[in-house]
Amino acid sequence: MNTSSTVNECHPSLARGLWALTYRELKKWLKDPVMLVMFVLQPLIWMGLLGKSMNIGGLFSANNINLPPQIPIPGNVILYPFGLQGVVLNGTILAQMFADMGPSIMQNTFGVTDYFSFMAVGMVSMIVMTTTMFSGMSIVWDRRLGFLDKVISTPVSRAAIIFAKILNATFRAMFQASVILALAYLLGLQLSSSFTLLNLLGVYAAIFLLGVGLSSIFIAFSIRSTRMERPMQFISLITMPLMFASNTFFPTRLMPDWMQAIANVNPLTYLTDAIRRLTILPMDASALIWDFTYLGLFASSLATTGIVLSWRYLTR
Amino acid sequence: MNEVIKAENLTKVFNKSLVAVDHINFSVREGEIFGFLGPNGAGKTTTINMLITVLKPTEGKAFVLGFDVVKQANEVRKIIGVVPQEYTADEDLTGYENIMLCADLYGIPRDVAKKRALELLELVELTEFKDKRVETYSGGMRRRLELACGLINRPKVLFLDEPTLGLDVQTRAATWEYIRRLKKEYGMTLFMTTHYLEEADALCDRIAIIDHGKIIVTGSPSELKDSLGGDIITIAIKENADVTDIIRGVENVKEVRKENGAYSIKAAKGEATAPLIIEALRRKGFTVTRLSLTEPTLNEVYLEYTGRAVRDMEESKETFIAHRITLRRARGR
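Chains as they are written, first to last, in the working numbering: chain A, 1 to 316; chain B, 1 to 333.
Worth double-checking, as some hints may not be accurate.
Claimed, not checked - If we take Cβ atoms under 10 Å as the criterion, some of the chain A residues that face chain B in the derived model are:
id : residue
1  : Trp19
2  : Trp29
3  : Pro155
4  : Phe292
5  : Thr293
To be verified - Below 35 Å or equal to it, Euclidean Cα-Cα: the simulated DSBU-like pairs (lysine-lysine) are:
id : chain 1 : residue 1 : chain 2 : residue 2
6  : A       : Lys28     : B       : Lys238
7  : B       : Lys132    : B       : Lys183
8  : A       : Lys27     : B       : Lys56
9  : B       : Lys269    : A       : Lys27
10 : B       : Lys56     : B       : Lys284
11 : B       : Lys183    : B       : Lys269
12 : A       : Lys31     : B       : Lys114
13 : B       : Lys266    : B       : Lys284
14 : A       : Lys27     : B       : Lys254
15 : B       : Lys132    : A       : Lys28
16 : B       : Lys6      : B       : Lys132
17 : A       : Lys31     : B       : Lys258
18 : B       : Lys225    : B       : Lys254
19 : B       : Lys56     : B       : Lys71
20 : B       : Lys71     : B       : Lys184
21 : B       : Lys6      : A       : Lys28
22 : B       : Lys258    : B       : Lys214
23 : B       : Lys132    : A       : Lys27
24 : B       : Lys132    : B       : Lys115
25 : B       : Lys56     : A       : Lys28
26 : B       : Lys238    : B       : Lys258
27 : B       : Lys130    : B       : Lys115
28 : A       : Lys31     : B       : Lys214
29 : B       : Lys115    : A       : Lys28
30 : A       : Lys27     : B       : Lys258
31 : B       : Lys238    : A       : Lys31
32 : B       : Lys130    : A       : Lys28
33 : B       : Lys6      : B       : Lys238
34 : B       : Lys254    : B       : Lys269
35 : B       : Lys238    : B       : Lys184
What the hints assert, rightly or not - Label pairs and their calculated CB-CB ranges:
id : chain 1 : residue 1 : chain 2 : residue 2 : range
36 : A       : Leu237    : B       : Ser17     : 28 to 34 Å
37 : B       : Asp131    : A       : His11     : 23 to 29 Å
38 : A       : Leu186    : B       : Phe14     : 50 to 56 Å
39 : A       : Phe234    : B       : Glu125    : 44 to 50 Å
40 : B       : Leu293    : A       : Met228    : 54 to 60 Å
Honestly, the hints are just simulated from the structure, not real lab data. Since we're looking at a predicted model, the values are computed, not measured. C-beta: ideal position from N, C-alpha, C; glycine also.
Take these sequences, add in the hints, and give me the full structure.
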């Protein structure tokens, strides 16, 4: 038995450990097609039902604006010229006029003429948020089932243990975002004329930044928990406010001031904005740079905090 | 090196008040199977977790092959193997994938790892199931897979935490067999915890009885039993006479009491002493009609030193759930 060589033969490396642990998580995930389908189904339902049912563009269609064919306006309400006997407006033409104004109102409000495109991109942000938070939480199970203790007892780099979780969460989010975008395209998402496949790289970069930031803080949050309930409750508590106090469903410009203040620091706003600018809106470099700067700062500060905390909490 | 594991005043306090392990001192010699015996909640797993660098001691020191478990944790991790109490193998991966994952964590070169993984699977008789998901494994198979994973880095010291928890009697005996074989083939030192007395008796070269975080007594199973004063021989004779003095004259006999017409004799080396007693009585013309020999079990040892039978302590809810999960999986399929 070559026992003398045992010590020298172990060469734990960050890269290999990181890959092995990330690969394990992804393999677990891919081996569960039911979960995979459900994860995609949920935003698809939101997108399909909410996005398609809230047909805001339809508010302005000609047959939605019910005007009588003849609209008489008596003379006494018209101040000038005096002595006029009153006019009769053609209701059909008037309705048509309003309907013609519709797309421009939509354009000014949402930046695009169909609400579905606007909303579908918001859905991508939502899925990125929930996926990264939930997959970060899987560390609770690892602790509970003893897997984490076993990994800690091996010479694998401590950083690999935490980074593997972050990477796994982020990869999952990226994969799901791709599926949602593809499905949205099939359901009628209208890409802007400046869209190229290169823009997709930008979309992934933005998702990556938010994913890293959110998942590292969630891992730090759940690393000491021995039960699932608390992190779960926390996620359901913050998901809704994060989603609604952002531009996910509606432009922040039309929100009350206090809500705008929240939306303006909500990272989800920046992610959604970045993706919109890269897909459905015309290119605006300066706005994009601002989005990415914010996301970058968010990711680096949260990731640093998260990793420092997780590191400390890993060995009790 | 003679002392493979050494603990000096090793202490762990949880939440500043719960003393799980209380200033324990022990050493494990090279090549032996050393067992920590005690009820649930006695501090066995906490001790093991400090030795395998998962928990930081609150006070005191521990060394594995001379490496400090806190200051040289990474050196310790490279030379130890761990078989945890829970089934930690990933249920969604196959047995082979699980072993390879362990190999990656140790950074064992891939070609070496592949060869060794197959060897280990052969050793624990899982070759046939290596490409099946662990989900489909029975409790005994999972335990064997954990053993194989713990051996992937050819450890010099193997830590086993409750290696047969939740297994049925047959599977338990089979697992003991594997552990014995591993020790023989790899020449390792083994440190194990258990709350099964038979297990400690059957496997361990030396035992430390631990209760409420303290080591009460240390010794080999037979030493511990002998320390109680020997076996109990019960004898009855046909004739109506008092033979107490004759029995007392036999070598190794320590104590004789007459109870309900029979003689209860406390003697060292009961198997050898019983024939001598019969012989001595026969020579004086007495006929032995009945004889029985009871050896003290670890149960009596335990009773003697802790003042009570092995009992189940109250456990925290988490531990209880973890146990339930392990037990449920152990029942298999």
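The hints, checked one at a time:
| no. | hint | verdict |
| --- | --- | --- |
| 1 | Trp19 | 7 Å, holds |
| 2 | Trp29 | 9 Å, holds |
| 3 | Pro155 | 4 Å, holds |
| 4 | Phe292 | 34 Å, violated |
| 5 | Thr293 | 37 Å, violated |
| 6 | Lys28(A) <-> Lys238(B) | 74 Å, violated |
| 7 | Lys132(B) <-> Lys183(B) | 27 Å, holds |
| 8 | Lys27(A) <-> Lys56(B) | 32 Å, holds |
| 9 | Lys269(B) <-> Lys27(A) | 59 Å, violated |
| 10 | Lys56(B) <-> Lys284(B) | 67 Å, violated |
| 11 | Lys183(B) <-> Lys269(B) | 29 Å, holds |
| 12 | Lys31(A) <-> Lys114(B) | 23 Å, holds |
| 13 | Lys266(B) <-> Lys284(B) | 21 Å, holds |
| 14 | Lys27(A) <-> Lys254(B) | 67 Å, violated |
| 15 | Lys132(B) <-> Lys28(A) | 14 Å, holds |
| 16 | Lys6(B) <-> Lys132(B) | 40 Å, violated |
| 17 | Lys31(A) <-> Lys258(B) | 71 Å, violated |
| 18 | Lys225(B) <-> Lys254(B) | 15 Å, holds |
| 19 | Lys56(B) <-> Lys71(B) | 10 Å, holds |
| 20 | Lys71(B) <-> Lys184(B) | 31 Å, holds |
| 21 | Lys6(B) <-> Lys28(A) | 39 Å, violated |
| 22 | Lys258(B) <-> Lys214(B) | 39 Å, violated |
| 23 | Lys132(B) <-> Lys27(A) | 14 Å, holds |
| 24 | Lys132(B) <-> Lys115(B) | 19 Å, holds |
| 25 | Lys56(B) <-> Lys28(A) | 31 Å, holds |
| 26 | Lys238(B) <-> Lys258(B) | 14 Å, holds |
| 27 | Lys130(B) <-> Lys115(B) | 13 Å, holds |
| 28 | Lys31(A) <-> Lys214(B) | 46 Å, violated |
| 29 | Lys115(B) <-> Lys28(A) | 24 Å, holds |
| 30 | Lys27(A) <-> Lys258(B) | 72 Å, violated |
| 31 | Lys238(B) <-> Lys31(A) | 75 Å, violated |
| 32 | Lys130(B) <-> Lys28(A) | 17 Å, holds |
| 33 | Lys6(B) <-> Lys238(B) | 57 Å, violated |
| 34 | Lys254(B) <-> Lys269(B) | 11 Å, holds |
| 35 | Lys238(B) <-> Lys184(B) | 50 Å, violated |
| 36 | Leu237(A) <-> Ser17(B): 28 to 34 Å | 31 Å, holds |
| 37 | Asp131(B) <-> His11(A): 23 to 29 Å | 27 Å, holds |
| 38 | Leu186(A) <-> Phe14(B): 50 to 56 Å | 55 Å, holds |
| 39 | Phe234(A) <-> Glu125(B): 44 to 50 Å | 46 Å, holds |
| 40 | Leu293(B) <-> Met228(A): 54 to 60 Å | 55 Å, holds |
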